[in-house]
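**Q** If you want the building blocks of each chain, they are given just below.
2 protein chains.
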Amino acid sequence: MSVIVDRRNLDFILFELLEIERLLGHPRYAAYDRPALQAILDVAQGIAEESFLPIAAEVDANEPRFADGKVVMPDGTAQALRAFAEAGFFALPFNEDIGGLQAPWVVHTAVGGLFTCANTSVTNYAFLTIAAANLLNTFGSSELKRQFLPAMLAGRWFATMCLSEPQAGSSLADITTAAIPRDDGAYRIRGNKMWISGGEQDISENIVHMLLAKIPGGPSGTKGISLFLVPKRLCLPDGSAGRHNNIALAGLNHKMGQRGTTNCLLNFGEDGECLGYLIGEPHRGIEYMFHMMNEARIGVGHAAVMSALGGYLYSAEYARTRAQGRPIGQKDKAQVPIIEHADIRRMLMAQKAAVEGAQALCLYCAMLIDALVTEEDLEEAKAHAALLGLLTPVVKSWPAEHCLEANKWAIQVLGGYGYTRDYPVERLYRDNRLNHIHEGTFGIQGIDLLGRKIVGDRGEALNRLDHLMRRTVAEALREECLREEAERLVEGLEALSSATQVLLSCGDPDRRLANATLYLDGFGHVVIGWMWLKQAIVASRKLALGEVSQQDSNFYDGKIMACRYFARYELPLARAQLALCGSLDTTCLDAPISIFGG
Amino acid sequence: MSVIVDRRNLDFILFELLEIERLLGHPRYAAYDRPALQAILDVAQGIAEESFLPIAAEVDANEPRFADGKVVMPDGTAQALRAFAEAGFFALPFNEDIGGLQAPWVVHTAVGGLFTCANTSVTNYAFLTIAAANLLNTFGSSELKRQFLPAMLAGRWFATMCLSEPQAGSSLADITTAAIPRDDGAYRIRGNKMWISGGEQDISENIVHMLLAKIPGGPSGTKGISLFLVPKRLCLPDGSAGRHNNIALAGLNHKMGQRGTTNCLLNFGEDGECLGYLIGEPHRGIEYMFHMMNEARIGVGHAAVMSALGGYLYSAEYARTRAQGRPIGQKDKAQVPIIEHADIRRMLMAQKAAVEGAQALCLYCAMLIDALVTEEDLEEAKAHAALLGLLTPVVKSWPAEHCLEANKWAIQVLGGYGYTRDYPVERLYRDNRLNHIHEGTFGIQGIDLLGRKIVGDRGEALNRLDHLMRRTVAEALREECLREEAERLVEGLEALSSATQVLLSCGDPDRRLANATLYLDGFGHVVIGWMWLKQAIVASRKLALGEVSQQDSNFYDGKIMACRYFARYELPLARAQLALCGSLDTTCLDAPISIFGG
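So the sequences go chain by chain: A and B.
By this note's numbering, the letter at position 197 of the first sequence is numbered 197, and the numbering carries on one by one without gaps.
By this note's numbering, the letter at position 75 of the second sequence is numbered 75, and the numbering carries on one by one without gaps.
One chain only, chain A, in its complex shape:
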C-alpha cells in the first residue's frame, strides 16, 4: 500500500470524474493518452517514494542551518530534486517550443501532488521554480527567457518569489524595495525581502528571484510596483552562472513545519550593486503576479490536500492493523483492530470526505486552467475565467482549513503514537498549518471572494456556478440512491443564495465584509458538497452498469457513502454559517478593541 497516493482514486478523479481524455483529444495534447498519463504517474510515484518520502522525517528533524552566511542543507535534498529534474518534471507543463513537455496543467498538478504528499518541504523548491518559470515565460522579454528559462526548465537553476518584506506581508502596497534605472536598461535593486522560501540553498547552481520593487517616481500603492528578475549570480553569455549579484542571506526563519524549505530574510544590494531586470512593463508587477495567482493558489490548496492525504492513508492503514479494545458489550472477546470502532471510522470518514472532496475540486480547477488555454470560443473562455476566479479563494482556503482538520484526526486515530515524531502524522499536521497563511491568508481570501469576485460582477459568476451545481442536482435526482444528498445540496444552495442576496444588497462595505471569512467557508462547504455529489453520480452510474469488480464496487460504494456523510454531517453546518452571514451580524465588527486580551 502506498502512503502517498491512492491511485484508484486519482484515476477516478482524472478519468471518470473529470473525463480528462476529452481534454487530451485537443491537438495541443497530442502526445498524451491514458497509457502515457499512467506511465508518467508511475515514474512520479516511483521517484516520490524512493527519493522524497524516505527523507521527509530527516529534513524535518535536521533543518537547513545558517553557517558563515551560507545555508547548509540536509542530506538527500539535492539528490531527490535531481531525480525530479532528470525525469523532466520541471518542464512538464511548458510548451514544447521552449523545451517543455506540454502536458495539461491538471496533469502537472496531479503529478506534483505525489511529491508534495511524500515530502512537501523538498518539493517546494521545484514548485517555486516552475511558478517562476511560468511567470517569466508569460511576461518576460525573449532575451530574459533565452538567458534564464532553459536552466530553470532543466531544474539546474531554482527560483523564488520575493514579495513580502518585514513590514509588508498582506499589505504589498507598503513594500519599500527600490529599483533604480541604470543607463543600460537594467536596474539597481536595494531592499529587504522576508519569508522567501528557497531564498538561499546550496543545491542549485543559481537562484532566480522574481522580485517586486518600486521604481522611484511611480504611482503610490500597488500601482507603483514593478516585477524584476534578480539572479543570485549573473548569467554569462554562455548561459552559465557568473559573478555573485550582492544578495545576502540575513537570516533564516525557523518554522513550525515545512522545515526542509529554507525561509529567508534576504538583503538585496546592501554591500554592492545588485542588478535586476524588468519583466514586462514598469508598474505592472502586481497585475502580472495576479495573473499567475490562480495557479499558485490552486497549488497551495492542493498541497493542503496532499498533506492531509498522507495522514489519511497512514491512519487508515494503522487503524486496520492496530488491535485495541473490543466491540461494545463484548468484554470477554479478543481485541479488535481499532477500525472496528465507530468513532475511528468517523474520523476516517471525516478525513476521506475532506481529502477526496477537496482533491476533486483542486483538479477540477487545474483543468479549468487547461480549458482556458484550449477554449476557442471567447465567450466560453471568459466564463471559464470568471468561474476559475470565483473558485480560486475556495480552492486555496477550504483545504487549508478542513484538510488541516483531517490531519488532526489522523493524529487522533494513532492516539499517543500519533503525537510522537516517530510517526509521520504530526509532521504532516505541522506542514499543513502553513497553507492557511501563505499565498494570501484565510481573511484575504474571504475579502477576495466576497468583495472582489462576487460584488465585483454583481454575482454573475456565482449565478453561473449555481447553474452548474443545479445541473448536477438534476442529474443526481435521476439516481435513486442520491435523492437525499441532492436535496441537501439544494438546501445548501438556497442558503448560499439567500446570504449572497442580502450581502449584495448591503450598502455598507464594512458590514458586508464583516463575516467574509465565514462566508467563504460556508461557500466552500457548498462547493465541496457539489464535488461529492458529482463523484457519487459517477459512482452510482458505474454501479448501475454492472460488471464492476468487487474491488471497484467497494470503491464506488465508498464514494456514495462519503457523499452521504458530507451531506448529513457537514452541509447542515454550512447552512447555519451562511444564515449567520445573511443576518449581516456585526458582533465582531462592532466589538471595541478594549474588550480583547488582558
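Incorrect hints may appear among the rest.
You can't tell identical chains apart in this list, so a pair holds if it fits in one copy or across any two.
As the list claims (entries may be wrong) - Listed next, the in silico DSBU-like pairs over lysine-lysine satisfying Cα-Cα at most 35 Å (straight line):
1. K145 x K223
2. K453 x K223
3. K145 x K382
4. K331 x K223
5. K223 x K382
6. K453 x K331
7. K70 x K145
8. K223 x K333
9. K453 x K333
10. K331 x K382
None of these hints come from the bench; they were simulated from the model.
Since this is a predicted model, take the numbers as computed values, not measurements.
Following the hints, position chain B against chain A.
**A** Positioned in the frame of chain A, the structure of chain B alone reads:
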C-alpha cells in the same frame, strides 16, 4: 501586560461568577479570604513569569535527551520547580494534618493554571506529583503515607502515573505488568509501561510511580487490576531515598509538543527485583484511579484552556501593535493596527469565547470538588457528584477541541510570524494538541458521557443540569440585553433534550453510541453557552448597578458581547450537530472497512 493571565478575568470568575467567598466561609477554609487568595495568585504569577515563562521556548527547543541510560534535562527546569516547591504549591490543596495548606481545589486549579500557561512542560512534573499524592493520601496505608507523602508535598520527590503499556493504551484491561506477592507483604513488579510522563528525570531525588499491575490469579479484565506504589529508589527508615529499585529507562518518546516533559518507556524489574507496595485492597486499582479521574480530567481540560489563553493574550497584544493594511475603501490612509480589521477581531472573539467560556467551566467543576468535600447534606452531595461526573467528559474534551482551535487562530493573527518558532503561538498549539489524547481520548470521553453518565442513570443527572441551565435562562430573561442570548440557549437545550430522548430510547447500543463523540461535542457547546449566559448575567447586573469604572464597564461589555458571539456564531452549529445525533445516523458505523485508505 501579562501573557500568562488576565487577572481581571480570573477575579471575575472566582469572585463574581463563582462567588468563591461563600465557599471560603466554610470552616475548612478559615485560613483563606479574598486578600489571601490575591496574595497567593500574586506569588504564583511572579514565579510563573520569572522562572517558568522564560524557559518555555528553551525546554521546547532543547528537549530532554537520553544518554547512558539517563535523562539529561534542559537547564532551568529544576530551578523553576524548586521555586514552585519553596512557595508551598505542592502542598496547596492537601489537608493541614498532613502538612498541606488546605486551600480549596478551585484555588489550586486557578494557581496551577498560571504555571501551565507559562510553561506546561515543566508544570507537568508538579501536577503529576500532586495527583499521585492525592491518590496515595486517599487510598494508601498510613505507613506508605508516612514514608512517601512528606517528600512529595515538599516537592523533593516527584511522581508519575504508570497506566499504559505499549499494547494497552485506551484498553487498560489488557495490561500485562505483573505483581507477585512476597512473604513480607510487598510485591515483585515486572513489566513495561509506556507514555510515562516524568517517568525519568534528573531533577528530584526520587520518583514515586503509581502503577497498575495484575496480581496473578485475580479476575480477568479491569477487575483484576491493582494499584501499587513503586519508587525509583526505596525509602530508607529516615525517610531518605535509598538503593535503586530496578526500574530502567528503555527509551524516550519524542513528542510534537510538551517536549520539556520526559515521556518514557520504563522496564520494571527486568534486571533484578523491583519492589512495589499495594495501595488499598487488591483488584481495586481501576476503581481508585477512577475516583481521582474527575480531578485529573479537569486538570487536562484546564491545561487546554491555559495553552489557548497564552495564544489569545499574545495574539491580542500583537494585533494591537502590528500595523498592516488599511480600513476598507481607505487606500490612501496610513496603515492601521491589524486589530482594526474585522476578521482579526473575529479571530480574537473566537479565542475569547472559547478560552473564557471553558475557563469558567473548568473552575466551576473544580469548585464542585470543593462542594463535595464541604457538603454535609448527603442527598446534595450525591447530586453534586452526579453533576460533576456528567460534566467531567465535557470539561476534558471541549477545551481540548475548541481551545486548540483558539490556538490555531492565534497563529493566524500573527500570520507568517505566528508560524515561526520565534513566537510562542505555534508552540502553544503543539503543546495543546496532546490534551485530546491523554487522560482518555475524545472518543473515550464520548462513550463515557453517553454510555455511562447518561444511559447509566437514564438521564437523571442530565435532568438536573437541564434544570440548572433553565434557571439561568430565567435569570437572563430578566436582563433586557440578554433576551436573544437566553432564547438561543433554550434552542440549544431543546436540541440536546430531543437528541438525548431519542438516544435513550434506542435499544441498540452500537447505534446509540455511533455518534457519541459528536454528541459530546454538541453537549459541550450547550454547556459553554450556559457558562457564557451566566457570565453575561453577572456583567449585566454589575452594569445596571452603575458606579463601575470605565475599565470595568469595558470588561463587562466584553462579557456580554462574547456571550452574544457564542449564541449567534456557535450555538447554531451545536443544534445542527445534535440534530444529527438525534437522527441515529449510521453512515460511519455501517461503512465497510474496505472503503477507507488506498
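**Q** Of all the hints numbered above, which does this structure not satisfy? Sort the numbers upward.
**A** none
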